[in-house]
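Fit chain B to the supplied structure of chain A, relying on the hints for placement.
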Amino acid sequence: MSEHAISFTLNGHLHEGRAEARTSLADHLRQAAGHCGVHLGCEHGACGACTVMVDGKAVRACLMLAVQAQGCAVRTVEGLAASDGTLHRVQQVLREEHALQCGFCTPGIAMTLAALVEGETRPDAQALEQAIGGHLCRCTGYQGLRRAAHRLAGDAP
Amino acid sequence: MKPAPFDYARPASLDEAARLLAEAGGGASVIAGGQTLMPLLNLRMSQPFLLVDLGAIPELRAVERHTGGIRVGAMAVQNELLGHPLVRSDLPLLARALGHVGHHQTRSRGTIGGSIAFAEPAAECPAVALALDARVQLHSVRGMRQVAMADFLHGPYATACAFDEIVTALVFPDPPAGERVEVFFEVARRPGDFALTGLAGELHLDGGTIVAARLAWFAMGHTALRAREAEAALVGAALDEIEPEAIAALALAGTAPFDDKAASAAYRETVARRMFARTLRETCAGRAMA
Numbered sequence: 001m002s003e004h005a006i007s008f009t010l011n012g013h014l015h016e017g018r019a020e021a022r023t024s025l026a027d028h029l030r031q032a033a034g035h036c037g038v039h040l041g042c043e044h045g046a047c048g049a050c051t052v053m054v055d056g057k058a059v060r061a062c063l064m065l066a067v068q069a070q071g072c073a074v075r076t077v078e079g080l081a082a083s084d085g086t087l088h089r090v091q092q093v094l095r096e097e098h099a100l101q102c103g104f105c106t107p108g109i110a111m112t113l114a115a116l117v118e119g120e121t122r123p124d125a126q127a128l129e130q131a132i133g134g135h136l137c138r139c140t141g142y143q144g145l146r147r148a149a150h151r152l153a154g155d156a157p
Numbered sequence: 001m002k003p004a005p006f007d008y009a010r011p012a013s014l015d016e017a018a019r020l021l022a023e024a025g026g027g028a029s030v031i032a033g034g035q036t037l038m039p040l041l042n043l044r045m046s047q048p049f050l051l052v053d054l055g056a057i058p059e060l061r062a063v064e065r066h067t068g069g070i071r072v073g074a075m076a077v078q079n080e081l082l083g084h085p086l087v088r089s090d091l092p093l094l095a096r097a098l099g100h101v102g103h104h105q106t107r108s109r110g111t112i113g114g115s116i117a118f119a120e121p122a123a124e125c126p127a128v129a130l131a132l133d134a135r136v137q138l139h140s141v142r143g144m145r146q147v148a149m150a151d152f153l154h155g156p157y158a159t160a161c162a163f164d165e166i167v168t169a170l171v172f173p174d175p176p177a178g179e180r181v182e183v184f185f186e187v188a189r190r191p192g193d194f195a196l197t198g199l200a201g202e203l204h205l206d207g208g209t210i211v212a213a214r215l216a217w218f219a220m221g222h223t224a225l226r227a228r229e230a231e232a233a234l235v236g237a238a239l240d241e242i243e244p245e246a247i248a249a250l251a252l253a254g255t256a257p258f259d260d261k262a263a264s265a266a267y268r269e270t271v272a273r274r275m276f277a278r279t280l281r282e283t284c285a286g287r288a289m290a
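Chains A and B, in that order, are what the protein sequence lines are. Counting in UniProt numbering, the first sequence runs from 1 upward without gaps. Counting in UniProt numbering, the second sequence runs from 1 upward without gaps.
What the hints contain is simulated information worked out from the structure, not anything from laboratory work. Each hint should be verified, as a subset may be incorrect.
Pairwise CB distance ranges (calculated) [to be verified]: (1) B:Lys2 x A:Gln101: 27 to 35 Å; (2) A:Arg146 x B:Asp240: 40 to 48 Å; (3) B:Pro191 x A:Glu96: 44 to 52 Å; (4) B:Arg189 x A:Gly119: 27 to 35 Å; (5) B:Met1 x A:Gln101: 34 to 42 Å; (6) A:Arg95 x B:Ala150: 47 to 55 Å.
Virtual Cβ for every residue (Gly too), placed ideally from N, Cα, C.
The shape of chain A in the complex, shown without the other chains:
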């Protein structure tokens, strides 16, 4: 079993550490980097709770090895709000539309939406809704999320 030195940018800061080959990016972010906003639900890619951004794209952190993040730019929900605490536009809209309840699925959904609204092509509401389809929410339901998606499509730069 190989162990690897890894370094990547985590929310704008250099992160250096070591990881067993089999350690998922999600486990590494939680256990080695202390970023527990990366939630683990199913650990096989179905629920979406662990979604983070890697090089600007929304990916499942449970379906990627920590060692594969070498040299990448990783962003988690901890890196969404500004340093003064001002919420990211996605977080603000999720809050205003009551698009969360227990909050377990929320970090992943926020990262998916943030990756799309910050991406190169301006997403329409349908694209945002479809992307939310990659997440499971088991308490507050999806209507608030749909409203948030529609607002973000209008808000997108």
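Relative to chain A, chain B alone:
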């Protein structure tokens, strides 16, 4: 959940990757996007002692036109292919099908080569490749070879790819002459779920007459399956004289729908028959009016 222990290598060249696989003697797994392999590792359904990551070999990502067709590198990422100008213009069926592969978040890393190599019977990409007569390029220490998609798929998760071979590209030959029309449907409980049944294909038209038909089922047998009898019946037919129900019956002839927890074989067959007829009717009607 933790995978069983393994070593990890990220070779910078195809030759190095092939050498690692050959030396591992069958105990290694290739990891492309990992969107299917990682769940299998996490659930310990797969326990290789070495992972060979193809992520550091840039030439495997290239999508390019060359004489006689379009070569799509195995490591081309599904979301990138979805927006790729050459795919949108020349492989519209692939673009259409890719929108149904997994979720946005898995398509960020999932690759077309991984999807082909895994040969999931309900997957879209193998059916598209089979319908479009694609060839699979395989590389090993013994050299490079090409296998027609029809010979590549051996069964569920079983292909012609030997343990020491790497799927490096898919080559889609130029389509038959004539205006082409996509034929596609997929039935799933929710977008992103495994297909309960689906069809991917193209009709090629000269005026109002079908001059070529290439249709492949997915989730209707042990592999993606060509609907050869239906194709033969469609060739030479005028769009306004096709009987969709009769063609649907022919299309189902070679299928072997299966029972699983998502649907019974009878359900798959009923839905497939009706969806096939409906899709063919709407495709022909839309084209006859155009």
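Hint check:
no.	hint	result
1	B:Lys2 x A:Gln101: 27 to 35 Å	holds (30 Å)
2	A:Arg146 x B:Asp240: 40 to 48 Å	holds (41 Å)
3	B:Pro191 x A:Glu96: 44 to 52 Å	violated (27 Å)
4	B:Arg189 x A:Gly119: 27 to 35 Å	holds (28 Å)
5	B:Met1 x A:Gln101: 34 to 42 Å	violated (26 Å)
6	A:Arg95 x B:Ala150: 47 to 55 Å	holds (54 Å)
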